[in-house]
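Residue numbers (this note's numbering), protein chains in the order written: chain A, 1 to 232; chain B, 1 to 56.
If you are wondering where the hints come from, they were derived from the structure by calculation, not from laboratory data. Ideal Cβ placement from N, Cα and C applies to all residues, glycine included. Keep in mind that the hints are not guaranteed to be accurate.
[As the list claims (entries may be wrong)] Ranges of calculated distance between the beta carbons of each label pair, as one might list FRET restraints:
id : chain 1 : residue 1 : chain 2 : residue 2 : range
1  : B       : 22        : A       : 139       : 29 to 35 Å
2  : A       : 72        : B       : 37        : 20 to 26 Å
3  : B       : 29        : A       : 165       : 18 to 24 Å
[Stated by the list, open to error] Think about it this way: if two alpha-carbon atoms lie no more than 20 Å apart in a straight line, the pair counts; the simulated SDA-like pairs of lysine to any residue are:
id : chain 1 : residue 1 : chain 2 : residue 2
4  : A       : 185       : A       : 172
5  : A       : 101       : A       : 185
6  : B       : 4         : A       : 172
7  : B       : 4         : A       : 185
[What the hints assert, rightly or not] Okay, the calculated bits of chain A under chain B, using three or more residues with CB under 8 Å as the criterion:
id : segment
8  : 32–38
9  : 96–105
10 : 199–207
11 : 219–226
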Amino acid sequence: MKKKFPISVHLALTLAALFVALYMIFLYAPEEMTMGEVQRIFYVHVPAAWTALLGFIIIFISSIVYLWKRSQFADELASSTAEVGFIFCTCVLVTGPLWAKPAWGIWWTWDARLTLTFLLWLLYVAYLMLRNYLINPGRAANLCAVVGVIGFVDVIIDYMAIRWWRTQHPQPVVGGGPNSGLDPKMLATLLVSWVAFMFLFFLLLRVRLGLAQMRRELGDIRHILAFKASED
Amino acid sequence: MVNKYLFLAYAFTWLIFILYAWNLSRRQARLRKELEEVKRRISEPSSATTSMESKP
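With the rest of the complex left out, here is chain A:
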């Protein structure tokens, strides 16, 4: 993996994708007629939201693998994804109100989509708190895996909320049905922006996963040292 796709290449691709996305957002995509330039928040808000949802899907799958196989890698993948996903979810919760204020006249409303996204953020927080504050690592891994599995229900309802109910939040513009859709240039910009966010997400995840594995290695060596000391 390392030889086929070195992290330096990954970093270069991420920076290039982010640069292209920024160019498209500010110079290629047309200005939206009713909201004006503030609508360009859409190109970070939506990709960040999709990535935060994807993050929890990875946590869900890794948690099931951990509970089933007791795979340490699956646990490390879940905990690393939780940290990176939390950053993306925070980005959604900050850019959302910054878009809502000029568009709706209010910063926040407790509609289904917004509330469920806030709940997703709380789930990320709960996961990270359990991981960091429980002393027994095995118990922390088990409880976090349970949060990862149960929390996935929120991901499904959050995704479907704007399809099931009429909400203050706009209806889906991609994959939303016959009356939904975007200008082709806007759609291209959104997709390029999402690709850039995916590159960034997986880059951060790779680095964070490397940290988790380094920490495990350190724990193993310390264990050997303690064992040697007790023998002496």
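With chain A's structure known, arrange chain B on it following the hints.
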């Protein structure tokens, strides 16, 4: 003039990712240093033991 909400949204997005990347690199450097230190400690007593074992 750039819309203030647009500016704030992009500024925050960049800032949070830059801060997180910086935090990750600091943690990585600290762990790497710690790992090297522990590896060095592990190799020291074993070399000492080897030298003692080689004595008649």
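* Identify every previously stated hint that the structure contradicts and give their numbers, smallest first. => Per hint list: 3, 5, 6, 7 violated.
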